[in-house]
Amino acid sequence: MSKFLKDYMLPAGGAMALILGVAYGAANRGYGDSEIATLEDRNTQVEARVADLSEQVELSRQAVAESGDRVSELESALEAAKAEAASAQEAAKAARVEAAEAISAAQSDAGDDTVMTDATAESAPAAEPAVTLAASTTAREGGYGLGREATGNEVAAWDLDVTPDGTGLPEGSGDVWTGEEVFVEQCAVCHGDFAEGRDNWPKLAGGDDTLADEDPLKTVGSYWPYLSTVWDYVNRSMPFGAAQTLTPDEVYAITAYILYSNYLVEDDFVLSHENFDEVEMPNADGFIVDDREEAEAHFWSSEPCMENCKENVEITMRAAVLDVTPEEESEEEAAQEEASAAEDMGEEATAEEAAEETEAAALDMALVEDGEKVFRKCKACHQVGDGAKNRTGPQLNGVMGRTLGALDDFRYSKTMEEMGEDGIVWAADNMAEYLTKPRDYVKGTRMSFAGLRSEEDIAAVTEYLKSFPE
Amino acid sequence: MAHGSGKSGTSRRAFLKGAAAAVPAAAATAGAARADDPLITDVQDWASGLGEGVDATPYGLPIEFEDDVIRRNVEWLTADTISSINFTPIHALDGTITPQGCAFERHHSGAIELKKEDYRLMINGLVDEPLVFTYADLERFPRENHVYFCECAANTGMEWAGAQLNGAQFTHGMIHNMEYTGVPLRTILEEAGLGAAGDLADKWVYVEGADASSNGRSIPMEKALDDVLVAFKANGEALRKEHGYPVRLVVPGWEGNMWVKWLRRVEVMDRPVESREETSKYTDTLADGISRKWTWAMDAKSVVTSPSPQSPISHGKGPLVITGLAWSGRGAITRVDVSKDGGKTWQQARLAKPGEKMALTRFYLDTDWDGEEMFLQARAMDETGYVQPTKDALREVRGENSIYHNNCIQTWWVKPTGEAENVEVS
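Residue numbers (the numbering used here), protein chains in the order written: chain A, 937 to 1406; chain B, -8 to 417.
Since the hints were made in silico from the structure, they are not lab data. Note that this is a predicted model, so its numbers are computed, not measured. Positions of the beta carbon are idealized from the N, C-alpha and C atoms, including for glycine.
Here chain A is said to cover these stretches of chain B; the calculated rule only asks that three of the stretch's residues, wherever they fall, bring their Cβ under 8 Å from a Cβ of chain A:
1. 113 to 124
2. 128 to 141
3. 157 to 164
4. 254 to 262
5. 275 to 282
6. 367 to 376
Produce the complete structure using the sequences and hints provided.
Right, here's the structure in full:
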């Protein structure tokens, strides 16, 4: 920005401060509605002054070109106006609304060299508020007139919750067998084919009569008091990484299958909005409302013991025995590793490193960066980078150029392994095919991922994977 | 290569080695004639050359020497790192305000990126007019500032079955304490009008987030109209992504799961939703298999943050500052006692400031360490007269399967070497 422009921005900045002053002054006071009418007159004057000023700023733009003196003149004019505005703040209840809109408009226009003059012009009463940041206001009685009415479609889009009596359920139905199909496809990768759970992911079935055991197994069948919770949660939050992609009928079917997995319904069961409240959950009566203030009233003891509170203190358990605390590599250890790595590094390693560098240079780093974002969808199951391990999915270091199903310590689907045995290798084209519709490229793949819709995303994530060599 | 890049960071283990070595060294030099300290007698680089200019760091992180003061997670606790938790390094902090950058995170479907421009808050249900607010709208309501702690209900949950994780960060680090700026939820509900709700005594609000987990919770109307805050700033600056940028709910004194991040909807209802997070999770199973629900308030609790397993004594005997944190979801902390002998005798600790409602209180016990082993414990009391219970007293009422709301007295076994370990004592 030239010095020239900077100079003329100064008075405009003053006008901005004026508006802010009015807005803040108003925000910090409480006004009675009765005052508003009389205040509005004063407000009109303030607005007129602002409009006046913006005109002057516009004029000053030309004036500045002729003479720097005009700038300081304008500045003092604005200082005077600011002082005047300060006394007008008392009367600014109505002005608050207008002024804040002007601020929003100014913010959304930021970056434009003519921003300030434009913004002040918009503070004229007739100006419409900017759409993106400042919503329209309505004159509600007793409120601040902020926000706008939600449309019926908007409420319908977000208000999806279902309560225990089934209020909120959409019409629809699903049977156990359809449920099994959808479950195996969409849920089994984490929850197991029979809802028995994989790795640390939640088990959804089993655990009957274990709640009083030393190690209770809390599942939908053994613990959840309401079926509505299952439907609601599956509908809004599952599958993990692709929430809100299931149809109501699929959600009914999955819910029916989870009931079946818990031996709560027969295999010919069909769940619908009509018979929803007929299903009885085994642990429905297993809950009491917080009773700590009664059951633990003795914790509100008046005066705790200070002296001779017990005879002996013996260690009964040590954390070191379990040794489950995450350890970190010490500085010393890291230094040793680096040193030995340096020793090992002969000619060969240098050559390899050079090759790697060339490879890295060939990467489109902007695309890699985009790909990192896309990869978030994959991260729940796949790891890459230093120390990447197989989790729900195989680790993906060096996957580009690797034979399908090649990691010995990962349990792939049969098809994936067979394709690998046929010598198929991951390259840009088949990776794109796989990521578009995983189950079409590898029939029966264990990866329960719906696929990426955009070609750009696929290209980006492929580039990202390329950035992690073996 | 820049200074200090690459693998650095003093690990606990390395630090402990240093600590153990420091004790005899200190003893040996006591009373002997000292050599001059070259740090004083020699002109150091930093006293002669120049440091960084003001354009080097437009937004600063802590200096590299503090790079071990970080959030840590425990991999085996959860299936993955997206629906997971990490821990505030409380063992290395002092005062009460938690810097946002190391304040614990808990996500159910990852920390999302939601722009202010894309942010919408809907108020619907039993209101006179369902409304939609933009972020800019929220900034135009009168706002307030309050300091509150946010504690995950599962904090210390791994200790129900016995001493497990070795460090205050891991046993008690699912907590942070920030100064929030926001609009009372009451103001926003009244903007939509509560006339349609009729008698408010038996009404609820259901709050949900914009992320994939949506993490909805039901809150009784009485609490919603009392002190719940729709917050958009913490410690003076915008919320961090991981804490719900641009807007989160602040539910003072109540379990962290209710502090819905990326808050997108508040529905006034005549009943609770009984969502996943308030039935299958965040309910506390007692020994007889019956579970408590709606256990919202966090009971009074305290912990010694130093010395502790990650913060051993490195200076040998003599003056020692024992310090820690205390808090209560039912009001202000009024007193904290510290025991050095596993609960046989107790001394009243000094509160750095009088306790504030639903906020962390820092306590100190300035003492003289004789170099013998200690069994350090802290015991908090709040303004309702509640006294933090022992592990045994808590297990007696609740058994070992509650998972949540473990506010027991914690014991650190400080050994003559200065090292400390998480133990249970009789």
